[in-house]
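*Asks:* Protein chains in written order, with the UniProt record's numbering: chain A, 1 to 276; chain B, 1 to 276.
Among these hints, one or two may not hold up.
Below, a list of computed lysine to any residue pairs in the SDA-like style, where the Cα atoms sit at most 25 Å apart [as the list claims (entries may be wrong)]: (1) B:256 - B:267; (2) A:44 - B:118; (3) A:80 - B:116; (4) B:143 - B:118; (5) A:80 - A:256; (6) A:143 - B:126; (7) B:143 - A:118; (8) A:65 - B:59; (9) A:256 - A:191; (10) A:44 - B:116; (11) A:70 - B:143; (12) B:44 - A:191; (13) B:143 - A:120; (14) A:143 - B:117.
Taking beta-carbon pairs under 8 Å as the criterion, some of the chain A residues facing chain B (in silico) [to be verified]: (15) 44; (16) 80; (17) 124; (18) 152.
Hints listed in this document are in silico derivations from the structure and should not be mistaken for laboratory results.
All residues carry an ideal CB built from backbone N, CA and C; glycine is no exception.
Number of protein chains: 2
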Amino acid sequence: MCQLLGMNCATPTDITFSFTGFAARGGVTDHHADGWGIAFFEDKACRLFIDHQSAATSPIAELVKSYPIKSKNVIAHIRKATQGRIELENCHPFQRELWGRHWIFAHNGDLKDYQPFLSGVYQPVGTTDSELAFCDIMQGLRKRFPGSQPPLNELFHTLEEITRSITRHGVFNYMLSNGQALFAHCSTRLHYIVRQWPFQAAHLIDSDMTIDFAQYTTEADRVSVIATAPLTDNETWTSFAPGELILFEAGQPTLKTVVPIPDEVRLKNAQNSACL
Amino acid sequence: MCQLLGMNCATPTDITFSFTGFAARGGVTDHHADGWGIAFFEDKACRLFIDHQSAATSPIAELVKSYPIKSKNVIAHIRKATQGRIELENCHPFQRELWGRHWIFAHNGDLKDYQPFLSGVYQPVGTTDSELAFCDIMQGLRKRFPGSQPPLNELFHTLEEITRSITRHGVFNYMLSNGQALFAHCSTRLHYIVRQWPFQAAHLIDSDMTIDFAQYTTEADRVSVIATAPLTDNETWTSFAPGELILFEAGQPTLKTVVPIPDEVRLKNAQNSACL
Numbered sequence: 001m002c003q004l005l006g007m008n009c010a011t012p013t014d015i016t017f018s019f020t021g022f023a024a025r026g027g028v029t030d031h032h033a034d035g036w037g038i039a040f041f042e043d044k045a046c047r048l049f050i051d052h053q054s055a056a057t058s059p060i061a062e063l064v065k066s067y068p069i070k071s072k073n074v075i076a077h078i079r080k081a082t083q084g085r086i087e088l089e090n091c092h093p094f095q096r097e098l099w100g101r102h103w104i105f106a107h108n109g110d111l112k113d114y115q116p117f118l119s120g121v122y123q124p125v126g127t128t129d130s131e132l133a134f135c136d137i138m139q140g141l142r143k144r145f146p147g148s149q150p151p152l153n154e155l156f157h158t159l160e161e162i163t164r165s166i167t168r169h170g171v172f173n174y175m176l177s178n179g180q181a182l183f184a185h186c187s188t189r190l191h192y193i194v195r196q197w198p199f200q201a202a203h204l205i206d207s208d209m210t211i212d213f214a215q216y217t218t219e220a221d222r223v224s225v226i227a228t229a230p231l232t233d234n235e236t237w238t239s240f241a242p243g244e245l246i247l248f249e250a251g252q253p254t255l256k257t258v259v260p261i262p263d264e265v266r267l268k269n270a271q272n273s274a275c276l
Numbered sequence: 001m002c003q004l005l006g007m008n009c010a011t012p013t014d015i016t017f018s019f020t021g022f023a024a025r026g027g028v029t030d031h032h033a034d035g036w037g038i039a040f041f042e043d044k045a046c047r048l049f050i051d052h053q054s055a056a057t058s059p060i061a062e063l064v065k066s067y068p069i070k071s072k073n074v075i076a077h078i079r080k081a082t083q084g085r086i087e088l089e090n091c092h093p094f095q096r097e098l099w100g101r102h103w104i105f106a107h108n109g110d111l112k113d114y115q116p117f118l119s120g121v122y123q124p125v126g127t128t129d130s131e132l133a134f135c136d137i138m139q140g141l142r143k144r145f146p147g148s149q150p151p152l153n154e155l156f157h158t159l160e161e162i163t164r165s166i167t168r169h170g171v172f173n174y175m176l177s178n179g180q181a182l183f184a185h186c187s188t189r190l191h192y193i194v195r196q197w198p199f200q201a202a203h204l205i206d207s208d209m210t211i212d213f214a215q216y217t218t219e220a221d222r223v224s225v226i227a228t229a230p231l232t233d234n235e236t237w238t239s240f241a242p243g244e245l246i247l248f249e250a251g252q253p254t255l256k257t258v259v260p261i262p263d264e265v266r267l268k269n270a271q272n273s274a275c276l
């Protein structure tokens, strides 16, 4: 399938360290080489880079690694195609506008027999189940709050309801952000770590690289990194529970809930996860 | 104000030659240094690069110049801020989805007393008159064709009507593309050239660079380049008439019309154009 990487921070932070380890899984330390993408929010603006080359060899990935873009919300994805051809329009993250804000979405999983009714306000451009789910989520949020964006806690509970309706179709690990906060949902596999004062050194699993965050940070910094599999081997990452949906704000989890997964779906997901 | 660059081709073509000359106007040969952006369509997919640095010095512009992305439809923009702060969310081109396709828009001009009624399906993220006009256009096209995309000629005539309603607010040179075709409208200043077999050499105005297209092309190639001001000094560029709207398909103009500009607007535009 694919792998996800997200970052939510209290102050604008560059993701080059985590991205270096993550990008290595796109063809060097792992086989997710069917395209990749990364989205950086800078206030309300969003920069989205996608490429159908592998993240390990793409010139655009090289740029991202060498040009530190500071952001409070980042979502990245490396793809091993399951549904949808290896085409640029099928590369995650996907982007849409809602309530005068850009929204970014990336998915790791596989949805079966999933044919949501889309009224037309959001339509997929590519052929993935993932972009279909994103359109379904955007449509659901807009329908519940047609005028303007509600407070994040209300948004969280509506997202919980929409996620419940989608998660019964299969593996649905995802990340979603509007630049203010990051929502992460796990159906099979997702981990996070909160780094805060006093910061320490971290060593990548996928590349022999160590960074001592203490040298680059202040007490005001706080960073949550969310990834399919832990990126460092000398820190303790927290595993999401199956069905868990977490809202990350200012670098830390602020709301958590568990979206029930029907038993038969959980069983199928466990079988599918073997190949993650 | 700003400058625009567009390319529409019969076969996927790289724009690095034209972009090199154009980007020099973002801080070297001209003063449009308040951000820049470029969008490349690759079939239905779209890659959009934006940066608030000047195009002359941006590392992302360097990547675009050195990594030849082949595309049939490209729109680029360099900005000299008039309305809206120098923020990333105000960098053109802008992107939205309509009928399951990405749409890209960039504008050179200045719209006065322009407050269209937006129902909410498209809302600006930034604070420019340009993104507001793009939302107005997207909403107008969707309202006229709520189900799916009509043939390009029908789209052209609806765009003509929408343009008429906006152009009375001031200078409205723009480019719009959905990846299939490129629509270009001139209210004060826009030029184009069609390059086709037998191709010849071209020399940039803004950089001492010559390319002999004959070495890189076949009879199947045909390229229209559209720009605020001609980019080369040894070719004949065609000037758009004030109000002219042209549809470019497969590298050539296929439909043309003139959207009338009220006399009082034309007079004001001429005064504004002095600072273009």
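*Asks:* For each hint, tell me whether it holds in the structure or not.
*Replies:* Status of each hint after checking the structure:
1. For the given pair, residue 256 of chain B sits about 23 Å from residue 267 of chain B by alpha-carbon distance, which is consistent with the 25 Å threshold.
2. Note on residue 44 of chain A and residue 118 of chain B: the hinted pairing holds, with a Cα-Cα distance of about 19 Å set against a maximum of 25 Å.
3. Under the criterion of a C-alpha separation no larger than 25 Å, the hint pairing residue 80 of chain A with residue 116 of chain B is inconsistent with the structure, at around 44 Å.
4. At most 25 Å may separate the alpha-carbon atoms for a hinted pair to count; residue 143 of chain B and residue 118 of chain B meet this at roughly 11 Å.
5. Restraint check: the Cα-Cα separation between residue 80 of chain A and residue 256 of chain A comes to about 29 Å, which exceeds 25 Å; the hinted pair is violated.
6. For the given pair, residue 143 of chain A sits about 23 Å from residue 126 of chain B by alpha-carbon distance, which is consistent with the 25 Å threshold.
7. Pair hint residue 143 of chain B plus residue 118 of chain A holds up; C-alpha atoms about 17 Å apart against a cutoff of 25 Å.
8. A hinted pair counts as satisfied when its Cα atoms are at most 25 Å apart, and residue 65 of chain A with residue 59 of chain B qualifies at roughly 12 Å.
9. A C-alpha spacing of about 14 Å is found between residue 256 of chain A and residue 191 of chain A, which places the hinted pair at or below 25 Å, so the restraint holds.
10. Using a Cα cut-off of 25 Å, the hinted pair residue 44 of chain A and residue 116 of chain B holds, with the two alpha carbons roughly 22 Å apart.
11. As the CA atoms of residue 70 of chain A and residue 143 of chain B are separated by approximately 39 Å, the hinted pair breaks the 25 Å bound.
12. Taken as a hint, the residue 44 of chain B and residue 191 of chain A pair is broken in the structure, with Cα atoms around 34 Å apart against an allowance of 25 Å.
13. Under the criterion of a C-alpha separation no larger than 25 Å, the hint pairing residue 143 of chain B with residue 120 of chain A is consistent with the structure, at around 12 Å.
14. Restraint check: the Cα-Cα separation between residue 143 of chain A and residue 117 of chain B comes to about 20 Å, which is no more than 25 Å; the hinted pair holds.
15. For the restraint placing residue 44 of chain A at the interface with chain B, the shortest Cβ-Cβ distance is roughly 5 Å, inside the 8 Å limit, so the hint holds.
16. Because the beta carbon of residue 80 of chain A sits about 19 Å from the nearest beta carbon in chain B, more than 8 Å, this interface hint is broken.
17. Annotation: residue 124 of chain A was flagged as interfacial toward chain B, and the flag holds, the nearest CB pair being 6 Å apart, inside 8 Å.
18. The beta carbon of residue 152 of chain A comes no nearer than 18 Å to any beta carbon in chain B, farther than 8 Å, and the hint placing it at the interface is violated.
Of the numbered hints listed earlier, those contradicted by the structure are 3, 5, 11, 12, 16, 18.
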